[in-house]
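A.B. asks: All letters in the sequence shown, in the order written, are residues -16 to -1, 1 to 659 by mature numbering (1 follows the signal peptide of the UniProt record, and there is no 0).
Hints may be right or wrong, so weigh each one.
Claimed, not checked - Straight line, CA to CA, 25 Å or less: simulated SDA-like cross-link-like pairs of lysine to any residue: (1) Lys324 x Thr350; (2) Lys148 x Thr438; (3) Lys316 x Lys482; (4) Lys584 x Thr438.
Unchecked claim - Quick list of the computed label-pair ranges, beta carbon to beta carbon: (5) Glu525 x Phe485: 42 to 50 Å; (6) Leu297 x Arg90: 52 to 60 Å; (7) Arg530 x Gln499: 14 to 22 Å; (8) Ser179 x Arg530: 37 to 45 Å; (9) Lys51 x Asn436: 22 to 30 Å; (10) Gln499 x Thr581: 37 to 45 Å; (11) Glu104 x Asp298: 20 to 28 Å; (12) Asn336 x Phe485: 29 to 37 Å; (13) Glu173 x Glu104: 29 to 37 Å; (14) Phe319 x Arg220: 27 to 35 Å; (15) Pro161 x Asp97: 20 to 28 Å; (16) Leu297 x Glu104: 52 to 60 Å; (17) Ala572 x Phe485: 19 to 27 Å; (18) Arg90 x Glu176: 27 to 35 Å.
Honestly, the hints are just simulated from the structure, not real lab data.
C-beta: ideal position from N, C-alpha, C; glycine also.
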Amino acid sequence: LGLALCAGSLCALSDAAFLYHDYCVLGAGPAGLQAAYFLQQAGRDYIVFERSHAPGSFFALYPRHRKLISINKQYTGKSNSEFNLRHDWNSLLSHDRRLLFRRYSRDFFPAADTMVRYLEDFASLLELRVQYNTAIIHVTLERNAQAWNGHYFLLTDQDRKDYKCSSLLVATGTWVPNVVNFPGSEYVEGYETVSINPEDFAGQTVLILGRGNSAFETAENILGVTNFIHMVSRSRVRLSWATHYVGDLRAINNGLLDTYQLKSLDGLLEGDLEDLAIVKDKKGKLHITLRFYLENRNMSAGIDSITLPQDELDNFATRAPYDRVIRCLGWKFDFSIYNKSLRMMPGKGNINKYPQIKPSYESRGTRGLFVLGTASHSVDFRKSAGGFIHGFRYTTRAVHRLLENRHHGVPWPSTVYPITQLTNSIIKRVNEASGLYQMFSVLADIILLRENATAFEYLEEYPVGVLAELEMQTGRKAPSGLFVIIMEYGRNFSGADKDVFYYNRAVGEAQHAWQSNFLHPVIYYYKRLPTEREMRLRPPEWPLPRPDAIHHIVEDFLTDWTAPNAHILPLRRFLENCLSTDLRNFFAESCFLFAFTHQKLPPFCQQGYMRMQGLVGSEGLRRHAVQAGLLQDYTLTDFSGGTPPDSHDRSRDQLLRDQVISVRPLQHLFNAKDE
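Put together the whole structure using the sequences plus the hints.
C.D. replies: Take a look at the structure:
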């Protein structure tokens, strides 16, 4: 008994040494603050650790030249706040209308200092629980069967204070500079420290290593004062308007392309940086050579004893010496603070700068560890916007909803509608939803059909990569089939080598909608939930497995999918074919007639008219129907020598043709061919 009491006391002292929270969030950047907002709104126990004295410390330094490339569109011609977020790439999601970024800056490309101020206000006005000046230097696991995930996360800060949490949300971004080591790399200046004063480069010849926005941003700053600028990278330049990926080169920074192609001395080269070497001469000039020329050579012997490429090839492209070489190779995730027990491993190939995570944003190595924000971009790298604020504000919300279901039994938010509202619900979302629009091919709306297709349940912005796990992840059931609504570009329209301005690049007719190139809605229909095996074996570049039926809503120049004939009618017909039902809306008079002439009423009549609900015809609507050619105007017919309009001799077919009027509430238009 004494030993047991002693052991219990030691355990109690051990637990007291750790400050416990259900959720620990690492980093008070945009993703960390966004996660904190959702946790606070849900009333959860959480803490955010930030190593700096204020939120958004990355933006206090980067971009170095202080102009963001995330657009801040003030006007869209619309008052719909959800639609306007499609063109606001800087605001975080909240209920507070004061925290829209357009209230902080009117610049289309705002200043980075404005972002710092915005994030400070976001944290303070919403009273988020952020612990500043706390650098977490070590994270490990403590196995415990009572914990949510079978273990606790133990965190240690720079002052050796310890913290314990049940779930860990990592939102530290990618901030460790990418460095390539080669002979002479000690002469290279880093983007993070190089001067941003153009006068420091006056009359100099500069070589920039890298070909992303930081490299071109640096070149743009000194373009007018240098002798010339050369830029070398392993891959060719990728233009964002060709790849449709906002992380590729943006037009705001591509002045060097002009001076290169318009023969003004500057230029771009391709080559593997690890094959390079830099040699410094007595005058301080930097000469570019190749690593293999330096094998078995004594670098300290001087440049005269070293073979340079121009010694063998007198027109070698980089034979002119440089005054400065600047490294602009981006950043990578900091893996150093995580104990091996967490199995935080880098991705493979071109995503090795990010940690390995599942499509649910949970670590592949540790249950309960989720990666948010820029560091989670491996899920959609070079495909969508998950590495940027206008993308990860939605994926962070998705992760929160997954956690609410897993740990607190709160199902994914949903709304149940009668089946007659199916077309309208889809049209509304594809025309205004910002999450679908920004996270195209990654987040999707899910429509779960109820038995006999009399109603449906609508779930918004679910990660399609875990569609097979939908019932487990959301707490919702899909027994009778489902629709998946997603936004996509054309299959062969995006790529570094694509000409996206070619003649006849757009499709305008509904029958050719499947050939649409620009971003447009696509509806997948499944009679049952796809399995994990089907998800793994889906066709290359497809976000989802092959469906039982698929429908493309034809691309629209205005991204306004409300045209009655081009957009709504084909969609309604597709839905009707999938469900084998009639989704039209009818006047009360038509439902009354159907009740006497048909064994089965259309759903609108069943759910409306038979419950004493529905639309009653008016003189104005009848006049409109006559003008549209849908209804004969009997008030102008001469019956002096014939049969009156209500004669029993009138055929039932004629009555149906004249009296059954379908109404589509969204567009308030009629289509004679449809009826």
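A.B. asks: Take the hints in turn and mark each one as holding or not.
C.D. replies: Results for each hint:
1. In summary, the hint linking Lys324 to Thr350 is supported, as the alpha carbons are separated by about 11 Å, within the 25 Å threshold.
2. At most 25 Å may separate the alpha-carbon atoms for a hinted pair to count; Lys148 and Thr438 exceed this at roughly 48 Å.
3. Note on Lys316 and Lys482: the hinted pairing is violated, with a Cα-Cα distance of about 28 Å set against a maximum of 25 Å.
4. For the hint pairing Lys584 with Thr438, the CA-to-CA distance comes to about 13 Å; that is within 25 Å, so the pair holds.
5. Checked against the hint of 42 to 50 Å, the pair Glu525 and Phe485 fails, with Cβ atoms roughly 22 Å apart.
6. Roughly 53 Å separates the CB atoms of Leu297 and Arg90, a value that falls within the hinted 52 to 60 Å.
7. At about 18 Å, the CB distance of Arg530 to Gln499 agrees with the hint of 14 to 22 Å.
8. The supplied range of 37 to 45 Å is broken by Ser179 and Arg530, whose beta-carbon atoms lie about 55 Å from each other.
9. Checked against the given bound of 22 to 30 Å, the beta carbons of Lys51 and Asn436, roughly 57 Å apart, lie outside it.
10. Between Gln499 and Thr581 the C-beta distance comes to about 42 Å, which sits within the given range of 37 to 45 Å.
11. Remark: the range hint 20 to 28 Å for Glu104 to Asp298 is contradicted by a beta-carbon distance near 57 Å.
12. For the pair Asn336 and Phe485, the supplied restraint of 29 to 37 Å holds, since their beta-carbon distance comes to about 34 Å.
13. Between Glu173 and Glu104 the beta carbon distance is about 31 Å. The supplied range of 29 to 37 Å therefore holds.
14. Between Phe319 and Arg220 the beta carbons are some 29 Å apart, a value that agrees with the proposed interval 27 to 35 Å.
15. The hinted range of 20 to 28 Å is satisfied by Pro161 and Asp97, whose Cβ atoms lie roughly 22 Å apart.
16. For Leu297 and Glu104, the Cβ-Cβ distance of about 55 Å falls inside the hinted range of 52 to 60 Å, so the restraint holds.
17. Here the CB-CB span from Ala572 to Phe485 is close to 52 Å, at odds with the stated 19 to 27 Å.
18. Range check, Arg90 to Glu176: Cβ separation about 30 Å, and the 27 to 35 Å hint holds.
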